[in-house]
Every structure is written in structure tokens, then in C-alpha cells.
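Below are the chains, spelled out letter by letter.
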Amino acid sequence: DSGVTQTPKHLITATGQRVTLRCSPRSGDLSVYWYQQSLDQGLQFLIQYYNGEERAKGNILERFSAQQFPDLHSELNLSSLELGDSALYFCASSVGTRARETQYFGPGTRLLVL
Amino acid sequence: EDQVTQSPEALRLQEGESSSLNCSYTVSGLRGLFWYRQDPGKGPEFLFTLYSAGEEKEKERLKATLTKKESFLHITAPKPEDSATYLCAVQGRDSNYQLIWGAGTKLIIKP
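The listed protein sequences derive, respectively, from chains A and B. Quick note on numbering: the first sequence equals residues 1 to 114 in our numbering. Quick note on numbering: the second sequence equals residues 115 to 225 in our numbering.
Treat the hints as calculated values from the structure; they're not laboratory data. Quick reminder that beta carbons are idealized off the backbone N, C-alpha and C, glycines included. Check the hints yourself; a few may be wrong.
Keeping only pairs whose Cα atoms sit at most 20 Å apart, straight-line, the calculated EDC-like set for lysine to aspartate or glutamate is [what the hints assert, rightly or not]:
(1) B:Lys182 <-> B:Glu129
(2) B:Lys220 <-> B:Glu195
(3) B:Lys173 <-> A:Asp1
(4) A:Lys57 <-> B:Asp116
(5) B:Lys171 <-> A:Glu101
In silico contact screen, one side only, chain A against chain B (beta carbon under 8 Å); selected entries [as the list claims (entries may be wrong)]:
(6) Leu43
(7) Ala56
(8) Tyr104
Chain A extracted, bound-state conformation (with noise of 0.2 Å):
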């Protein structure tokens, strides 16, 4: 148990919807990524939040948004779905922002949409 949560585990919708997943990073973890996971495509990195502001950004589409709270977790919003989003999106947490950093990842949630 790598210490990092994600919630729900699975997530079925249709397309055209909207959906928002949640991260619990590790205790005393200050940053946040989001990652796309796909059959074809491997690990993708989509953004990265550190204590509440954003970090970096990677390949994320214009209708995916993300946010980090105070309390440090951070939620990731996915709006007009697509049967291409279908996907696992992991989250993972590190300490800070430095070099060398070990990222630990959640469980994941998997999304279908249908």
C-alpha cells in the first residue's frame, strides 16, 4: 500500500458527461500528478499540482481540469466525455518539486465510457 488513495475505483458513463475523480495524496506529500493510462498509448502524464498551485502541465486535453485543495488532495475533472477517454488515471504524490523525487502511486480509477 503505496499510501496514496483514489477514488471511485471504476467509473462507467456515457459520452458527452462529466466526471470528476479524487486523489488523497500520501501523508506530508506536497505535490499531486495525474496520469492517463491507456491499452496503446502507456503512461501519460497529464498535470501536476504542488501545494495547491499548478506545477506543470502534459498532454491534457482542454476539456480535462484539475485543482489541488487545501487540505492537499486534488480532484481531476474529465467534461465531454469520449469513447477514447476510456482509460485508467492514476494519481501519485511525491514530497516537493526537487530532483530525484520518487513519485508513489494510488490504485487508480478506471473510467468507461460507453
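Chain A is fixed; fit chain B onto it per the hints.
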């Protein structure tokens, strides 16, 4: 552009048959190379971080090594429970501390 290539894509071994997985990388100023293990449908589990060429780290049946261009994950006398996908990621000087991930090697150990 920073890049990570893992080979082979898949590897099937008999229990007890040792082998190695490869992670080749191109990065401007390596800060760290990370190995993770991922079971199907689960989150990646951290294994090792290597920082400089010549460094080696071991954990149970796994040993990771690093050169200036690649890293190897050696698996000695594997057991069926070692079956998983092994992911390699690098952090470079110019990557804003983000990790660049390889596609992984799927390891299957047959009893």
C-alpha cells in the same frame, strides 16, 4: 527530445530462468532513472532509483544497473509472482522534473 525505449516488449521465462530487461534512454542531463513494477489493473509500484552510471541496487531477486545510455533490470531465479509489467522512467535536466516513461516490458514467469 528526451526518450525512453524498453525491450523486449514481452518476455516469457520458466521459473528459475534468469534474464534481463533493458531500458535505453536519451536525455539531457540525467537526474534519475526509476524502475517500477505494475500488476494488471493496479498502480505502478516503486522499485529503484539510480542516479549515476555505475550505480547498482538490489532487492530480493531484482538487481538494477545503470550506464550512460541504458539500464538493465536483472531478474535472478524468478518466481511466478514476479510476473508483471516493469516500467522504466527517466528524469532529465530539461524536463521540469517530470518523468519520461517507457512503454514497459511484460514479464511472464511460467511455473
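Q) Taking only the CA atoms, is the gap from Lys220 of chain B to Glu195 of chain B under or equal to 20 Å? A) Holds. Lys220 of chain B to Glu195 of chain B sits at ~13 Å (cutoff 20 Å).
Check whether the Cα positions of Lys182 of chain B and Glu129 of chain B lie no farther apart than 20 Å. 31 Å, violated
Close enough to count: is the Cβ of Tyr104 of chain A nearer than 8 Å to one in chain B?
Since chain B brings a Cβ to about 6 Å from Tyr104 of chain A, closer than 8 Å, the hint holds.
CA of Lys171 of chain B to CA of Glu101 of chain A, is that 20 Å or under? Within the cut-off at roughly 17 Å; holds.
- Item | Given hint Asp116 of chain B paired with Lys57 of chain A - CA-CA distance at most 20 Å | 16 Å, holds
Hey, does the Ala56 of chain A contact hint survive, CB to chain B under 8 Å?
Hint holds; Ala56 of chain A Cβ to chain B Cβ min 5 Å, cut 8 Å.
Starting from Lys173 of chain B, check that the Cα of Asp1 of chain A is at most 20 Å away, please. With a Cα-Cα distance of about 18 Å, the restraint between Lys173 of chain B and Asp1 of chain A holds, given a limit of 20 Å.
Leu43 of chain A as chain B interface residue, shortest Cβ-Cβ below 8 Å:
Interface hint status for Leu43 of chain A: holds (4 Å vs cutoff 8 Å).
Comparing the model with each earlier hint shows a violation of hint 1 alone; every other hint is respected.
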